[in-house]
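There are 2 protein chains.
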Amino acid sequence: MANDFTSTLQEKIIIGDGAMGTMLQACGLSSGHAPESWVIKKPDTIYKIHKEYVAAGAGLIETNTFGANRLKLKSLGLEDKIEEINVKATGLARKAAGKVFVAGSVGPTGKLMEPHGDLSFDRARDVFKEQISYLVHAGVDVVIIETMSDLKELRAAVVAAKEFNVPVIAQMTFTERGITLTGSPPEVVAIVLDKMGVDVIGVNCVAGIEEALIVIKKMSRVTSKPLSVFPNAGLPESKGGETVYPQTPDAFTDKIPELLKYNVKLIGGCCGTNPRFIKGIKQVVYEAKVSNNTNTDAKDENKNRTYLTSNHTYLQASEDKPVFLIGERINPTGRNDLKEALKGEKWSVLRKEAREQVIAGAHLLDVNIGMAGIDREKCMKKVIQELQLEVDVPLVIDTPRTGVLETALKEYTGRALINSVNGNPDVMDKVFPLACRYGAAVIGLTLDDRGIPSEVEGRLEIARQIIARAREYGLGEEDIIIDPIVLTAGSNQSEVMKGIETLKRIKEELGVKTTMGISNVSHGLPNRKLINRTFLAMALGAGLDFPIVDPVDEDLMATVRAANLLTARDRNGQNFLKWYGNFQGNKSLEEDRLDNNKETKSSRDKENDRLLSSI
Amino acid sequence: MANDFTSTLQEKIIIGDGAMGTMLQACGLSSGHAPESWVIKKPDTIYKIHKEYVAAGAGLIETNTFGANRLKLKSLGLEDKIEEINVKATGLARKAAGKVFVAGSVGPTGKLMEPHGDLSFDRARDVFKEQISYLVHAGVDVVIIETMSDLKELRAAVVAAKEFNVPVIAQMTFTERGITLTGSPPEVVAIVLDKMGVDVIGVNCVAGIEEALIVIKKMSRVTSKPLSVFPNAGLPESKGGETVYPQTPDAFTDKIPELLKYNVKLIGGCCGTNPRFIKGIKQVVYEAKVSNNTNTDAKDENKNRTYLTSNHTYLQASEDKPVFLIGERINPTGRNDLKEALKGEKWSVLRKEAREQVIAGAHLLDVNIGMAGIDREKCMKKVIQELQLEVDVPLVIDTPRTGVLETALKEYTGRALINSVNGNPDVMDKVFPLACRYGAAVIGLTLDDRGIPSEVEGRLEIARQIIARAREYGLGEEDIIIDPIVLTAGSNQSEVMKGIETLKRIKEELGVKTTMGISNVSHGLPNRKLINRTFLAMALGAGLDFPIVDPVDEDLMATVRAANLLTARDRNGQNFLKWYGNFQGNKSLEEDRLDNNKETKSSRDKENDRLLSSI
Ligand SMILES: [Zn+2]
Ligand SMILES: [Zn+2]
Ligand SMILES: [Zn+2]
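Protein sequence lines correspond, in order, to chains Z and L.
The letter at position 572 of the first sequence is residue 572 when you use our numbering, and the numbering goes up by one with no holes.
The letter at position 293 of the second sequence is residue 293 when you use our numbering, and the numbering goes up by one with no holes.
Because the hints were derived from the structure by calculation, they are not lab data.
Remember, it's a predicted structure, so these values are computed and weren't measured experimentally.
Hints are supplied without guarantee of correctness; some may be wrong.
No distinction is drawn between identical chains; accordingly, a pair holds when it is met within one copy or between any pair of copies.
[Said to hold, decoys possible] Taking lysine to aspartate or glutamate and the EDC-like style, the derived pairs with C-alpha atoms no more than 20 angstroms apart in a straight line are:
#: 1; residue 1: Lys-529; residue 2: Asp-553
#: 2; residue 1: Lys-321; residue 2: Glu-495
#: 3; residue 1: Lys-352; residue 2: Asp-320
#: 4; residue 1: Lys-162; residue 2: Asp-80
#: 5; residue 1: Lys-529; residue 2: Glu-554
#: 6; residue 1: Lys-74; residue 2: Asp-118
#: 7; residue 1: Lys-346; residue 2: Glu-477
#: 8; residue 1: Lys-378; residue 2: Glu-114
#: 9; residue 1: Lys-339; residue 2: Glu-461
#: 10; residue 1: Lys-529; residue 2: Asp-555
#: 11; residue 1: Lys-507; residue 2: Glu-495
#: 12; residue 1: Lys-95; residue 2: Glu-390
With the hints as constraints, model all of the structure from the sequences given.
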């Protein structure tokens, strides 16, 4: 069967196979031995199990190569058999498959990624790439990366798989708390994999189908990619020394109609399942077929959403939620303390700077290490690691160097925001491929190699060009955040408001999200904070989505709170009232005076009433 | 000759006559006797002088009725002759005129207006109305009100004259300081008279033609109405007990070509001039004819300007000047101190409230006395008097009662702003005639008897209707200031920003100026000042021209300063830098930290540079 896996997925639900490992154990594989070893020792048993799954109705069977990567095999003493195992396993599956799809199974390395362990992103990617190259060349229809518990490792595997011309399924396993072992919630996993270009996103090896459903529901809210589910047959129990999975096929398949409502397109089983489960799935899916495809609305909804994530949290840009602040303070320009910290690798200084911004209210942090006298790639790698250990907010990678940028994107476990491209095609042609590979969003500055257009229309035109070129790379409007640029009032006073005018038109005409580095407006002027917060209010009034600001500035944060209230991002002023109290609460004398107005209507209200009634 | 005075003025320059009083004195009228008495005693002499002026080339002669109002005549014991003098004097002029125009001369009452004297506006208007009715019924072509030194008295005379279907020339006399005796500069006089519908605005009885030129230049900057000049023949000197005017006709006429550049359309002489002067004027005007009408540009410029004045100062709304703030604090709603002050006529409280706002930076003051338990008309009259004694800024008359409004407009010596009309035709039909009669500008609220439209388009439509109806009354777009209305964030959160959206579209699509009562946005909420100044920044960013605010709020004023800087209303930040110092000056530690950024380019600047050069 040809490589029409993705098109088949558009038309119908594909049934996967069930467990291989637990089936082999039932066939005599002692626990502690690698299932992959039987590819060489007992190929017939493998073949027989494949055939049983195909006979039970599987439309996709997996190669018995889950642990067949160099690192895992090395720990089993099978390192020198790596090519043989992957190639033969693919051959066995292919032979058994007939018309059904063969998915090349790729599991974790078993090693911890940096900084918790010593497996680097590059090394992990190379390990996966090696295995996947054997699988692909041996003829798998699709690569299925599964049972991953660290999103960083999965990212390395996905980057590896995406180097081949083959569809990619990526599945993680989730703990009973509904997050991965390293703490990623389903939404983060789904957003990151979606944006990395994975074809099917899923969950496998969870305790049971109910646990899978919880994960899938969350994933389907943030992605319109097809989803996949391969749950275990319940939690394993120990019965007379043997590990037994308690769930029956009927109990297992009960939840499938519910699952299908959430864009699940591929369903199989993991540990403890067997061909009877697959038969059951097939039956239920066949009967439930009509109720499928109810998710079209959700698909459309997801279309224009801008998501950013850390490893542990995600945010969705939206005009009915409080504006998201990008903290600007991790930037050595004019900051001797930060310069010294970066040079001397005093990470506590950096981490404090990050923590304080988040405590002050930053929703994202801009990371700029632009200074002389350091190895920027090495420094950036460490900075991203340290920041991810300290804070949970999404990061904004602020560097003009593609090498430094890629280092950051590898190290960053989430969906980063790249700061920035501009209208220069050379810049875009270097940055957009990285954004695609690592699933990042991109800030586009409305300038090009001729500078910043002084007129609004010129800036708008550059924004259009950035969006158009992004589209050529497969990036959508939701992946681009335009910075209409504010010039400093000190030297370009007459152009300051053009930034806001451009902002408004970008939102109205191009429908993309916007960002702006607010502090630039006051550059060189006295009382910068006053200028910054006043300009920020104007920009927020015009719809700015991602202000880049100093969140440690209390007055500025007060302005943000008031602006959220005024622009109805802070629904019913809940945050505002929580912060400042309602008018029955504590109040200053000044507020007391003002309160005299509160019992009665305002003068203008009264005025209007009078105008309408008395004249 | 028929009433085609105004159309003739469009085509050519009209030469007026010269002095009557000093001519009569030369003929034996002893000083201390009224020239008007000779209308009865020596009508031939009057007639002869008229004839001489016509023969000298005058295209307009004035009736010998300058002091023929009831109050002046009473002081001369001629009260019972009032009708006879005015009618006979008109007859004499008419007989002498032939084809030239007869202007009915109206001079001051000789009494002081309230509150300095006891002449009320109503009484003054009635006195003028009586005299003018005799003149008009006796057949004058135009009424010329002249030698007025108190703009308030002149306003009463103009209101009286405008009750008849006859063109009106209104002239004031100016001291050597270039202002009227009661302190009005030429611009204020010109703006007020223009807006009251006077046909020709001018200066007479000033020391000489050079003094007139100074006044005319200033007037021509703010009005495109035809201007008139009737100067004296220099400063009177006493020679052997006689009063002599030193200027010769040649010296007098030297400046006429210069005068003609400033839209002067009517030139005659006042004290000390005689037919030789008129002959000289005629000659010079004839020769200078080609160079006339150079003022078309100025005319167009004046077209769309919104001026407001007090008795002593004027302001012109303009987007390249700092925004004009309307102080909101004179309003008894929720202010027990003000309620008691108004009830108990403790004017010092009111005056302090006014003074403090002006010192704090208010450019206009809203005057609202809406409270129960007072005689509102009596109170408003007194309040306007007191405020004009205390402060020099233009006032905004904020009342829904037309009776109270008209009382204020009579008492107010300047161009007031009426707060407000709305889309209800009944309201407009009551208020617009008052605006025309007293030369006021009008705030139009975008609401009507169905309430405030929740959508921007609905509010815009009401604004259009207000402007259209205003036009029917002869008011221009520059006379209307639209208030797009901000609702309170507490109860109408989702509509708050519609006020600003409407504001922006009003400015873009209708081209009129805008105002907004900012404080309403925070009604009922805690930390109102924070909300107010944040909303104000948004509104100023959208182009708000006349914010109604509490200027005593220091933080709000700081926001205004920053907004003026950002919107380039404060050119080169001159005010801002004056207020906050430049960065070489005193600064706090906090500013010191920020200053570290100043020596180098901002990070974003650097970023852009790098993006453009290094990638
Ligand atoms: Zn499993
Ligand atoms: Zn499995
Ligand atoms: Zn005179």
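Each hint tested on the structure:
1. Lys-529 with Asp-553: both (8 angstroms within a copy, 18 angstroms between copies)
2. Lys-321 with Glu-495: between (30 angstroms within a copy, 16 angstroms between copies)
3. Lys-352 with Asp-320: neither (31 angstroms within a copy, 45 angstroms between copies)
4. Lys-162 with Asp-80: neither (25 angstroms within a copy, 110 angstroms between copies)
5. Lys-529 with Glu-554: Answer is both; intra-copy 10 angstroms and inter-copy 15 angstroms each pass.
6. Lys-74 with Asp-118: Classified as within: same-chain Cα gap 16 angstroms, cross-chain 111 angstroms, threshold 20 angstroms.
7. Lys-346 with Glu-477: Cα proximity of Lys-346 and Glu-477: none, with 39 angstroms in one copy and 65 angstroms across.
8. Lys-378 with Glu-114: Within one copy, since 13 angstroms is at most 20 angstroms while 84 angstroms is not.
9. Lys-339 with Glu-461: neither (37 angstroms within a copy, 58 angstroms between copies)
10. Lys-529 with Asp-555: Classified as both: same-chain Cα gap 8 angstroms, cross-chain 12 angstroms, threshold 20 angstroms.
11. Lys-507 with Glu-495: both (19 angstroms within a copy, 19 angstroms between copies)
12. Lys-95 with Glu-390: neither (50 angstroms within a copy, 102 angstroms between copies)
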